[in-house]
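Visitor: Residue numbers (my numbering), protein chains in the order written: chain A, 1 to 474; chain B, 1 to 474; chain C, 1 to 57.
Among these hints, one or two may not hold up.
[Unchecked claim] Computed from the model, here is a short list of chain C residues facing chain A with C-beta under 8 angstroms: (1) P15; (2) N16; (3) R22; (4) G38.
[What the hints assert, rightly or not] Anything over 10 angstroms on all C-beta distances counts as not near chain B; from chain A, calculated: (5) G136; (6) M210; (7) D283; (8) A326; (9) R391.
Treat the hints as calculated values from the structure; they're not laboratory data. Using N, Cα and C, we set each Cβ at its ideal position, and we do this for glycine too.
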Amino acid sequence: MVVGDIATGTDVLVIGAGPGGYVAAIRAGQLDLDVTLVEKESYGGTCLNHGCIPSKALITATGVAHEAGNAEGMGIHADPAIDMGGMMEWKDGVVSQLTGGVEKLCKANGVNLVEGRAEFDGENRARVAHGGDGQGSESIEFEHAVVATGSRPIEIPGFEFDGERILSSRDALALESVPDSLVIIGAGYIGMELAGVFAKLGTDVTVVEMLEEALTGYADDLAKPVVDNMEDLGVEIRLGEAASGWEETGDGMSVTTETEDGEEASYACEKALVAVGRQPVTDTLNLEAVGIEPDEGGFLATDDRARTDLEHVFAVGDVAGEPMLAHKGMKEGQVAAEVIAGEPSALDYQAVPAAVFTEPEIGTVGMTETEAEEAGFEPAVGQMPFRASGRALTTGHTDGFVRIVADSESGFLLGGQIVGPEASELIAEVGLAIELGATLEDVAATIHTHPTLSEAVHEAAENALGHAIHTLNR
Amino acid sequence: MVVGDIATGTDVLVIGAGPGGYVAAIRAGQLDLDVTLVEKESYGGTCLNHGCIPSKALITATGVAHEAGNAEGMGIHADPAIDMGGMMEWKDGVVSQLTGGVEKLCKANGVNLVEGRAEFDGENRARVAHGGDGQGSESIEFEHAVVATGSRPIEIPGFEFDGERILSSRDALALESVPDSLVIIGAGYIGMELAGVFAKLGTDVTVVEMLEEALTGYADDLAKPVVDNMEDLGVEIRLGEAASGWEETGDGMSVTTETEDGEEASYACEKALVAVGRQPVTDTLNLEAVGIEPDEGGFLATDDRARTDLEHVFAVGDVAGEPMLAHKGMKEGQVAAEVIAGEPSALDYQAVPAAVFTEPEIGTVGMTETEAEEAGFEPAVGQMPFRASGRALTTGHTDGFVRIVADSESGFLLGGQIVGPEASELIAEVGLAIELGATLEDVAATIHTHPTLSEAVHEAAENALGHAIHTLNR
Amino acid sequence: SEAVETSAGRTFAPPNVRRLARELGVDIASVPGSGPSGRVTEGDVREAAKGEGETGT
Ligand SMILES: Cc1cc2nc3c(=O)[nH]c(=O)nc-3n(C[C@H](O)[C@H](O)[C@H](O)COP(=O)(O)OP(=O)(O)OC[C@H]3O[C@@H](n4cnc5c(N)ncnc54)[C@H](O)[C@@H]3O)c2cc1C
Ligand SMILES: Cc1cc2nc3c(=O)[nH]c(=O)nc-3n(C[C@H](O)[C@H](O)[C@H](O)COP(=O)(O)OP(=O)(O)OC[C@H]3O[C@@H](n4cnc5c(N)ncnc54)[C@H](O)[C@@H]3O)c2cc1C
Chain A
1 MVVGDIATGT DVLVIGAGPG GYVAAIRAGQ LDLDVTLVEK ESYGGTCLNH
51 GCIPSKALIT ATGVAHEAGN AEGMGIHADP AIDMGGMMEW KDGVVSQLTG
101 GVEKLCKANG VNLVEGRAEF DGENRARVAH GGDGQGSESI EFEHAVVATG
151 SRPIEIPGFE FDGERILSSR DALALESVPD SLVIIGAGYI GMELAGVFAK
201 LGTDVTVVEM LEEALTGYAD DLAKPVVDNM EDLGVEIRLG EAASGWEETG
251 DGMSVTTETE DGEEASYACE KALVAVGRQP VTDTLNLEAV GIEPDEGGFL
301 ATDDRARTDL EHVFAVGDVA GEPMLAHKGM KEGQVAAEVI AGEPSALDYQ
351 AVPAAVFTEP EIGTVGMTET EAEEAGFEPA VGQMPFRASG RALTTGHTDG
401 FVRIVADSES GFLLGGQIVG PEASELIAEV GLAIELGATL EDVAATIHTH
451 PTLSEAVHEA AENALGHAIH TLNR
Chain B
1 MVVGDIATGT DVLVIGAGPG GYVAAIRAGQ LDLDVTLVEK ESYGGTCLNH
51 GCIPSKALIT ATGVAHEAGN AEGMGIHADP AIDMGGMMEW KDGVVSQLTG
101 GVEKLCKANG VNLVEGRAEF DGENRARVAH GGDGQGSESI EFEHAVVATG
151 SRPIEIPGFE FDGERILSSR DALALESVPD SLVIIGAGYI GMELAGVFAK
201 LGTDVTVVEM LEEALTGYAD DLAKPVVDNM EDLGVEIRLG EAASGWEETG
251 DGMSVTTETE DGEEASYACE KALVAVGRQP VTDTLNLEAV GIEPDEGGFL
301 ATDDRARTDL EHVFAVGDVA GEPMLAHKGM KEGQVAAEVI AGEPSALDYQ
351 AVPAAVFTEP EIGTVGMTET EAEEAGFEPA VGQMPFRASG RALTTGHTDG
401 FVRIVADSES GFLLGGQIVG PEASELIAEV GLAIELGATL EDVAATIHTH
451 PTLSEAVHEA AENALGHAIH TLNR
Chain C
1 SEAVETSAGR TFAPPNVRRL ARELGVDIAS VPGSGPSGRV TEGDVREAAK
51 GEGETGT
């Protein structure tokens, strides 16, 4: 082990090995740049270790059990028991397979991996403190830097994370036993996804949300099937209530909320999960040393090449701003690497899709009808309810619909909103159509396999054209 | 009730209310044509009543039970029991909801519905015999006719369907109790889908296939994960054996097979299902009266407007030839109606997707690598195994891959082959890309939601370009 | 080039462009494409239709 300071040099220094950082590093390696990736914790970042992947694993496992346990209508009688330890072990296995894969892919693409915490130490220099006592630190000279340090959960005053009573999503995804009851503060996508997981585990779940709606940012009719399903699962959703404090009680804790009008309510529970948003990690990087400054929200402003105010410093992923989604970060990572290599790449995509992995799922891409109007289009809108889809009926999941928004004059697709089975997958086709400048007629003319859920995308396009076959045209 | 002959006239006479026929009728109605749809049995045809829909319903139900019963690895302990009666009732409910929907949609679009069996009675006349004694018949004068009479299962000599010992797929989909053992003759997609259903119901299943491979027509590496999974389920697959006869035994029956070399084998079972292909229904239509003749296989040859040799007679769906798939028939039905209405429609699609709903699923569209070579392209091929997909890992289903075939010079997508979870849905995006004339770069540049299976389509395109991130580039 | 000759049977154009070609009576296989990688666009088809109109074919 090297102790003390050593100095190395690199073309590209990437700080943080989440989706933004590892993609930047791998692509830079593929483009024959000398690249060094520094990570202080685990390869794959929040997404693979404490976000996308563990949450989706638990959603699947609890979903499999719940579905089989509620399929009497299909003639299936089961009373599945979930062994929390076994489920968590499986989830951990999935995570380590993927993080191990990321590490291998980095190496195979010639990325130098450095473990430790990096901070800037000059315009072209960073210092990496290796973990643990006496592990020393090293100094790295770089031509280009890519900041990919991600985000951390926002704390609400009075609700400091302790991993016992007050949980972050990371803590919740690593619980060893099923809590009897849980108050989830925040009805955004992370809160709602986890509400479903714990409700299916048998936890008594209450979601409190300051705003007047759950899943804010998603249209009411997209959120509704999710909220309805959640309530069927026994989840209590309290809107317009802000968490104001909590205290230990004899046998647990009690969370107090307050409405705008000052009305108080309190909820007894075993634990509370705070999921009110995430903030970029830019305060621990000594950014002054390199010469950039984050905006008020802590984000680093970037241009369409993923470049910060400095020619040689790039920022990708959650630090570079909304939407804080893994695939947006990956795209930025790729573009940053290509731009550094001198390629004419840019962040010139039309739309970033997003998915919520609740039951049913939500998938969106591009503009809503209202956004299209605001952008000056005269939107043509088509819809297909899943209850008219043969495939949906054969899966027993018929809640929801596919909606397609297009420009009525040219027919160009502008957006799609899907709530229902496999919405996260179905949105891909709509995204491709939007990127390619496809028209309603193009989607309608494409033969879709029968019986599939993707036929609903086709039908929604036909509906927008006024001649759907399997649903009445409005 | 009308008894005896009545005579009516119509612009468009559609014979058969399967996917080909009902789509033709609805679209004709939408185009303000006077349209009459004659159906002798049930709306929705083979597909909704005895094919696509009931098979997929049973695949789902048995799949839900099987998945939960085999999820110890995920920490789920369940021992689901399937009540065959309950499952069949659910399946029947799904079917009647859909067939009722088709009937309603026909009416809402102004289609005249006539129940009975039609046959031609002149160049512009058909006779419809109403079901039952004394129900009489009617004569219908038409300007245009659309033949959409579909297909029936092929019988092998000596294995006449009796619904007791020798089952057609239709019989198998309506069984009232679970057979202890079943020999399935034919390892095509229908045989393999049903082999999975019965294996999961606990039936001892043997599949015998004359050819040297299962799922012929699909590449070996697409069929392999399905065959492997089937064998894990305990299904015995005997290749190169033709069913040659059967006899009653004391407590059941015995099916005898013969190899090309004359080697015999016999399999004891309770029932046998014959699924060796389907043939068009054109022999009961009195086609001479209208003046067209089917080809050797019984199919009606059509041009790219779905028109037969006669200007005013169209043929759509299974009667119009391979691929005998519902969505191909729907497209033909739509085009036939539009052409009759004078629109410039044509069957000018690039590709017809196909799916096999086994575990794992198969989805294909367009050309394979070999077909692309044969067509004179120099194919670029990219692949992404699901075991490297985060989403696949979180669902516990990692068998299979996505393969993309493109023209290496222009980058245009030519085909896609997928085997794995949701392959039937994922193929939709590839199909759209092919129709649109999209390039590998177009697909690679499109942001796909993380974590989804559709990212594997993106990665396969990147792999064909030589710069995949999540898999090594060949 | 070789690929164009060997794959001459295939025209790459989105469905809406193929439909337009039929509407305007243009044989799309004979239309040179100006889109990405030689994809035939709506403009190409309209141009070809004009040309045919002018020469009276
Ligand atoms: C519960 C949950 C579920 C989610 N689900 C989804 C989803 O389904 N889909 C989706 O798209 N997004 C999802 N997200 C969001 C997603 O996780 C983030 O958008 C994504 O991880 C951002 O990637 P990143 O590379 O910017 O940062 P991160 O993944 O946060 O990675 C940053 C990395 O940088 C390291 N680091 C930080 N500072 C330093 C330093 N000074 N030196 C060295 N290393 C450092 C960190 O240790 C970390 O590994 C979810 C998030 C959560 C919390
Ligand atoms: C078990 C099974 C599973 C299948 N799964 C799939 C699948 O997943 N996906 C897929 O794409 N395809 C599938 N198919 C194939 C699909 O069912 C057919 O391709 C499709 O039904 C063809 O549609 P059609 O309209 O041509 O004919 P059909 O659906 O066969 O309909 C023809 C109709 O015409 C009626 N008819 C016939 N003669 C007359 C007459 N003289 N007068 C009046 N009415 C008449 C019949 O009663 C029938 O209702 C499956 C088939 C089977 C058997």
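Visitor: Decide, hint by hint, whether the structure agrees.
Guide: Cross-check of the supplied hints:
Annotation: interface hint on C/P15 holds; nearest CB of chain A at approximately 3 angstroms, less than 8 angstroms. Below 8 angstroms, beta-carbon pairs count as interface contacts, and C/N16 has one with chain A at about 4 angstroms; its hint therefore holds. With a least beta-carbon distance of about 12 angstroms to chain A, the hint placing C/R22 at the interface is violated under the 8 angstroms criterion. The closest approach between the C-beta of C/G38 and any C-beta of chain A is roughly 16 angstroms, which is over the 8 angstroms cut-off, so the hint fails.
The Cβ of A/G136 sits about 32 angstroms from the closest Cβ of chain B, beyond the 10 angstroms cut-off, so the non-interface label holds. Consistency note on A/M210: stated as away from chain B, and its beta-carbon is indeed over 10 angstroms from all of that chain's, at 27 angstroms minimum. Separation of A/D283 from chain B is adequate, the least Cβ-Cβ distance of about 26 angstroms exceeding the 10 angstroms criterion. Not every beta carbon of chain B lies more than 10 angstroms from that of A/A326, the smallest distance being close to 4 angstroms; the non-interface claim is violated.
Separation of A/R391 from chain B is inadequate, the least Cβ-Cβ distance of about 7 angstroms not exceeding the 10 angstroms criterion.
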